[in-house]
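Asker: Mind docking chain Z on chain H? Use the hints.
Number of protein chains: 2
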Amino acid sequence: MTYAGRLAVVGLGPGAPAWRSPEASERLACATDVVGYGPYLQLVGELAHAPMLHESDNRQEAERARFALGLAAEGRDVVLVSSGDPGVFAMATAVIEALHDDEAADFGRVEITIVPGITAASAAAARIGAPLGHDFCCISLSDVLKPWDVVEARLRAAAGADFVLALYNPISSQRPWQLGRALDVVGEARGAETPVVLARDVGRPGEAVVVTTLGETDPADVDMRTVLIVGSSTTRRFDDLSGRTWVYTPRTYPAER
Amino acid sequence: MTYAGRLAVVGLGPGAPAWRSPEASERLACATDVVGYGPYLQLVGELAHAPMLHESDNRQEAERARFALGLAAEGRDVVLVSSGDPGVFAMATAVIEALHDDEAADFGRVEITIVPGITAASAAAARIGAPLGHDFCCISLSDVLKPWDVVEARLRAAAGADFVLALYNPISSQRPWQLGRALDVVGEARGAETPVVLARDVGRPGEAVVVTTLGETDPADVDMRTVLIVGSSTTRRFDDLSGRTWVYTPRTYPAER
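Quick mapping for you: the protein sequence lines, in order, are chains H and Z. Residues in the first sequence are numbered consecutively from 1356, following the working numbering. Residues in the second sequence are numbered consecutively from 1356, following the working numbering.
This is chain H alone, in the form it adopts within the complex (with noise of 0.2 Å):
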């Protein structure tokens, strides 16, 4: 079969251009539509040419997704631009979503490509140590598209059985009291010395990168620009002879405890 046009979910990775995959730059730079959350767009900087730019809400991922699957379907190069990884939290599972749900049929014949991108969790960890070495958990906070029970569940499991844990969405403005629930859960099985690193706005202006303790959190620290990182009981903290700080989870496990 013949595509009618293209479609790349291209994730830009945390923000700073040398983080930037060679395949995101090169889709971004032939494409004739840009489409993205308006501080995404603004993530991708200049561009060699003028492609249509198409911003969006942050919050309507299924319109942007269908919009830009419709614009592909009739014959336009497009990028959906996501920042981390599409595939994380983010637009991927929107535009496979829409593509199931197609019942006219318009979106089979776009060639999709998926443009993987550096998730924040890792570009987090790398700016201090490496806390995710070992077994970890990705879990978003959010709870607008799945019950709280749940994500109060996985969290108690991913803390009982001693997962580093790596939380995205941790807080907004209409989610103000979870984060503070999700910690307390956490502290059940795990000590209030628990490293934790608050990474917020990683590889762009503003980074900053703190390490806590679990029961110094406050969530008032935080926002929905940062990705935290809970330790595991085996995670350690550390200053080196410059007096820089680095959190690690070894890679050797204790087999008692």
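Hint data in this document are derived by calculation from the structure and do not stem from the laboratory. The beta-carbon is built from N, C-alpha and C at its ideal position, and this holds for glycine as well. One should not assume that every hint holds.
Stated by the list, open to error - Each computed SDA-like pair below joins lysine to any residue, with the alpha-carbon atoms no more than 20 Å apart: (1) Z:Lys1501 - H:Thr1607; (2) Z:Lys1501 - Z:Asn1524; (3) H:Lys1501 - Z:Pro1609; (4) H:Lys1501 - Z:Thr1589; (5) Z:Lys1501 - H:Arg1591; (6) Z:Lys1501 - H:Lys1501; (7) H:Lys1501 - Z:Tyr1608.
As the list claims (entries may be wrong) - Sample of chain H residues at the chain Z side, in silico, Cβ under 7 Å: (8) Ala1373; (9) Cys1385; (10) Leu1398; (11) Gly1400; (12) Ala1405; (13) Phe1422; (14) Ala1447; (15) Ile1473; (16) Ala1485; (17) Gly1488; (18) Val1499; (19) Lys1501; (20) Trp1503; (21) Ala1516; (22) Trp1532; (23) Thr1607.
As the list claims (entries may be wrong) - Here are the computed distance ranges between Cβ atoms for each label pair: (24) H:His1404 - Z:Trp1532: 32 to 42 Å; (25) H:Gln1397 - Z:Arg1599: 27 to 37 Å; (26) H:Gly1570 - Z:Asp1578: 39 to 49 Å; (27) H:Thr1357 - Z:Trp1532: 46 to 56 Å.
Answerer: Just chain Z now, kept in the frame of chain H:
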């Protein structure tokens, strides 16, 4: 303080140069020494200059980390290469451990940078849709440095809480039975029809991505260069109009199952 030399722990991404970050390429382009496991050095490909290449065995991570730090402590500009993301079951942890255990205090004056990369699970997910579109866990099945009962407890907890699972280091000649046992443990909580993605050498020559089910997964089809993604109870599979198979985990999780 002034630094002696510097060390970049560089994630090459899954293999394809189109997925390697500009920062990784830049550090490789100016390194005096490149250290790594032989096949990863081959992934680096052509370099504009001729740094010293130091090839090592894959299993000697701690020695490799100390060797790379030692070179940098002598004032050299060293790159230690990892595939994927160096922070995910790779070399970043070994380097930070060596820094922490640095009794001779040789390493504290090395300027260390972790250069993040696209991890294997992200690349595998991108090839097949969006199986990681909801909460997920990354688990290494290697029991070389952790007891197998810890692996099993984590698999049981993650499967019970309905996480998607990304399984790294699934099998090797020294660890022949662990994958089969892991699939049995997951199968206690999840149906035989659960979609499973076997992604081998994504982004490299010979890439193969196969979609099967939990009940049909045969460990004989898996090797150490494969990452497995095991779906949650909501993960779906379908073929589009062109016959292409997609796997995704919807953004919405039902309140009642």
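Asker: Give a verdict on every hint.
Answerer: Status of each hint after checking the structure:
A threshold of 20 Å between alpha carbons decides the hint, and for Lys1501 of chain Z with Thr1607 of chain H the separation of about 6 Å falls inside it, so the pair holds. A C-alpha spacing of about 13 Å is found between Lys1501 of chain Z and Asn1524 of chain Z, which places the hinted pair at or below 20 Å, so the restraint holds. Restraint check: the Cα-Cα separation between Lys1501 of chain H and Pro1609 of chain Z comes to about 7 Å, which is no more than 20 Å; the hinted pair holds. Between the alpha carbons of Lys1501 of chain H and Thr1589 of chain Z the distance comes to roughly 12 Å, so the proposed pair stays at or under 20 Å and holds.
With a C-alpha separation of about 17 Å, the suggested pairing of Lys1501 of chain Z with Arg1591 of chain H holds against the 20 Å cut-off. Of the supplied pair hints, the one linking Lys1501 of chain Z and Lys1501 of chain H is violated, its CA atoms being roughly 33 Å apart against a limit of 20 Å. The straight-line distance between the Cα atoms of Lys1501 of chain H and Tyr1608 of chain Z is roughly 5 Å, inside the 20 Å bound, and the hint therefore holds. Checking Ala1373 of chain H against chain Z by beta carbon gives a least distance of about 4 Å; that is within 7 Å, so the hint holds.
A cut of 7 Å between beta carbons decides the hint on Cys1385 of chain H: the least distance to chain Z is about 14 Å, and the hint is violated. Because the smallest distance between the Cβ of Leu1398 of chain H and any Cβ of chain Z comes to about 15 Å, over 7 Å, the interface hint for this residue is violated. Because the closest C-beta pair between Gly1400 of chain H and chain Z is about 13 Å apart, greater than 7 Å, the hint is violated. Restraint check, Ala1405 of chain H versus chain Z: the minimum CB separation of about 23 Å is more than 7 Å; hint violated.
At a threshold of 7 Å, the smallest CB-CB gap from Phe1422 of chain H to chain Z is about 17 Å, leaving the interface hint violated. Interface restraint check: Ala1447 of chain H against chain Z, minimum CB-CB distance 4 Å, threshold 7 Å, status holds. Among the interface hints, the one on Ile1473 of chain H holds; its C-beta lies about 5 Å from the nearest C-beta in chain Z, closer than the 7 Å criterion. Interface hint status for Ala1485 of chain H: upheld, as the beta-carbon distance to the closest one in chain Z is roughly 4 Å, under 7 Å.
For Gly1488 of chain H, the interface hint holds, since its Cβ comes within 7 Å of a Cβ in chain Z; the closest pair sits about 3 Å apart. Checking Val1499 of chain H against chain Z by beta carbon gives a least distance of about 9 Å; that is not within 7 Å, so the hint is violated. Evaluation of the Lys1501 of chain H hint against chain Z yields a held restraint, the C-beta minimum of about 4 Å falling below 7 Å. Taken as an interface hint, Trp1503 of chain H does not check out: its beta carbon lies about 10 Å from the nearest beta carbon of chain Z, beyond 7 Å.
For Ala1516 of chain H, the interface hint holds, since its Cβ comes within 7 Å of a Cβ in chain Z; the closest pair sits about 4 Å apart. Hint status for Trp1532 of chain H: violated, given a least beta-carbon distance of 19 Å to chain Z, over 7 Å. For Thr1607 of chain H, the interface hint holds, the least distance from its beta-carbon to any beta-carbon of chain Z being 4 Å, beneath 7 Å. For His1404 of chain H and Trp1532 of chain Z, the hinted distance range of 32 to 42 Å is not satisfied, since their beta carbons lie about 55 Å from each other.
Distance hint check: the CB atoms of Gln1397 of chain H and Arg1599 of chain Z are about 33 Å apart, consistent with the given range 27 to 37 Å. The supplied range of 39 to 49 Å is met by Gly1570 of chain H and Asp1578 of chain Z, whose beta-carbon atoms lie about 44 Å from each other. Taking the beta carbon of each, Thr1357 of chain H and Trp1532 of chain Z are about 48 Å apart, inside 46 to 56 Å as hinted.
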